[in-house]
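Novice: Residues per chain are reported as follows:
There are 2 protein chains.
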Amino acid sequence: MAPESDRKPIQFNLDPKSGVPYYKQIILQVEFAIADGRFATGDQLPTVRSLAVDLKINPNTVARAYNELEIRGIVNTQQGTGTFISDKQIKLTEVEREGMLDTLVRPLISKAASYGFAMAEVLDAVRDAYKGIVQNEEEQHDIL
Amino acid sequence: MAPESDRKPIQFNLDPKSGVPYYKQIILQVEFAIADGRFATGDQLPTVRSLAVDLKINPNTVARAYNELEIRGIVNTQQGTGTFISDKQIKLTEVEREGMLDTLVRPLISKAASYGFAMAEVLDAVRDAYKGIVQNEEEQHDIL
DNA sequence: TACATTGTACTATAAGACTAATACAATAGG
DNA sequence: CCTATTGTATTAGTCTTATAGTACAATGTA
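Protein chains in written order, with my numbering: chain A, 1 to 144; chain B, 145 to 288.
These are computed hints drawn from the structure, not numbers from a lab. Please note: incorrect hints may appear among the correct ones.
[What the hints assert, rightly or not] Simulated DEER-style distance windows between Cβ atoms:
#1 A:A40 with B:F228: 25 to 33 Å
#2 B:E242 with A:D102: 20 to 28 Å
#3 B:P251 with A:K17: 16 to 24 Å
[Claimed, not checked] With a cut-off of at most 27 Å between alpha-carbon atoms, the simulated DSSO-like pairs for lysine-lysine come out as follows:
#4 B:K168 with A:K17
#5 B:K255 with A:K24
#6 B:K161 with A:K131
#7 B:K200 with B:K161
#8 A:K56 with A:K17
#9 A:K56 with A:K24
Note that the Cβ used here is the ideal one computed from N, Cα and C, for glycine as well.
Could you put the whole structure together from the sequences, leaning on the hints where they help?
Specialist: Below you can see the structure in the form of C-alpha cells.
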C-alpha cells in the first residue's frame with residue numbers, strides 16, 4: 001500500500017506530567033494544528049486505534065477526544081471510514097458566533113481585569129498570539 | 145462620607161445547577177467585582193462565616209475561595225481580622241505579567257482560531273467586554 | 001485576662017473525571 | 001458474503017475535586 005507516508009502525518013505527543021488530561025491534550029493539538037494550517041479541511045485524522053497505539057493509550061481516550069471535536073463541529077467522523085477535519089468549518093449563525101466568542105472572551109477579561117491588565121495589553125497579547133499562529137499559513141489571507 | 149455600613153455590601157449568589165463549583169463562583173464574583181469597581185483596594189470582604197451563612201454553604205468552602213484569591217495576590221487575609229482586597233493590586237514583575245497574560249490568552253486564541261474567528265473579531269470582542277466592565281469606573285487608574 | 005470574632009486544619013464522604021478492558025457495530029473493498 | 005478496518009458502547013477501577021462537620025488557633029478589644 002502507498003499510505004500517506006509522504007505527507008507529514010502530524011506529530012502528536014502527550015505530557016503525562018502536565019496534569020492536563022490526555023483527551024484534552026489531543027483536542028488542543030488538533031485545534032492548534034487547524035489554526036496554524038497543519039490540518040486542513042478534509043484531512044483525515046489518525047485512526048482511533050493507530051493514534052492510541054502511537055501514544056500508548058487506550059483507544060477510548062482517543063475516541064473521546066474525537067467525539068468532543070465532533071460535537072463542536074470541528075471534525076466529522078464516520079464509523080468504518082475514519083475521522084476527518086470538517087468541510088464546513090463550523091456552521092454557526094451570526095448570533096451563535098457572537099455568543100460563542102463572548103463565552104470564550106468573557107472569563108479571560110474578568111481575570112485579566114482583576115489582575116490589572118489594561119485593555120491595550122490584552123489586545124497586544126491577542127495580536128501576538130495570532131501572529132504566532134499565522135506564520136505557517138499561505139492561502140488563508142482573509143479569515144475574516 | 146459613607147462608611148462601610150451603608151455601602152452596598154455586594155450581592156453574592158450561587159447557581160448550584162451551573163456545574164461550576166461554589167468556591168470558583170465566589171472567586172469569579174470577587175474578580176469581577178474588582179474588575180468593574182464594586183470592590184476597591186482595601187475593602188473588606190464578607191467574613192468567611194457570614195458569607196457561608198448568607199449562601200447557606202460551609203465556611204470551609206468560602207475559606208477555600210478566599211485562599212485561592214490570596215494565593216493569586218488578589219486579597220490579603222489576616223486571622224482574627226478579616227479578608228481584604230489587596231492594597232498592592234498584584235505585585236508581579238514585568239516578565240511574570242507577560243507570562244500570565246500569555247497563559248490567559250493562548251487557550252482562547254487556539255480555540256477561537258480553530259472555530260474560524262478572525263483576529264479582528266476577537267479583538268472586537270475583547271474591546272466590547274472591557275467596555276462592559278469599565279462602565280462603573282470613575283477615578284480608577286486609567287486602564288489606558 | 002476573658003471573650004467574641006476572625007481565619008485555619010483535619011477528616012470524611014459523595015460525586016465526578018479520567019482512563020482502561022473488553023466486546024460490539026458499521027463501513028469499504030475484495 | 002467475508003473480513004479487515006473503522007468508530008462505538010458498556011463497564012469498571014482509580015484518582016481527584018468539591019463540600020461539609022468539627023475542632024483548633026490567632027487577633028482585637030473591653
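Novice: For every hint, state whether the structure bears it out.
Specialist: Structure-based check of each hint:
1. Separation of A40 (chain A) from F228 (chain B) is about 53 Å and departs from the stated range, judged on CB atoms against 25 to 33 Å.
2. The hint said 20 to 28 Å for the Cβ distance between E242 (chain B) and D102 (chain A), and at roughly 26 Å that hint holds.
3. Taking the beta carbon of each, P251 (chain B) and K17 (chain A) are about 19 Å apart, inside 16 to 24 Å as hinted.
4. Distance hint between K168 (chain B) and K17 (chain A) is fulfilled; the C-alpha atoms sit about 24 Å from each other, no more than 27 Å.
5. Using a Cα cut-off of 27 Å, the hinted pair K255 (chain B) and K24 (chain A) holds, with the two alpha carbons roughly 12 Å apart.
6. Note on K161 (chain B) and K131 (chain A): the hinted pairing is violated, with a Cα-Cα distance of about 39 Å set against a maximum of 27 Å.
7. Among the hinted pairs, K200 (chain B) with K161 (chain B) is consistent with the structure: their alpha-carbon atoms are about 15 Å apart, no more than 27 Å.
8. About 15 Å separates the Cα atoms of K56 (chain A) and K17 (chain A), which keeps this hinted pair within 27 Å; it holds.
9. Only pairs whose Cα atoms come within 27 Å are accepted, and K56 (chain A) paired with K24 (chain A) is accepted, the gap being roughly 16 Å.
Hints 1 and 6 from the list above are not met by this structure, while the remaining hints are.
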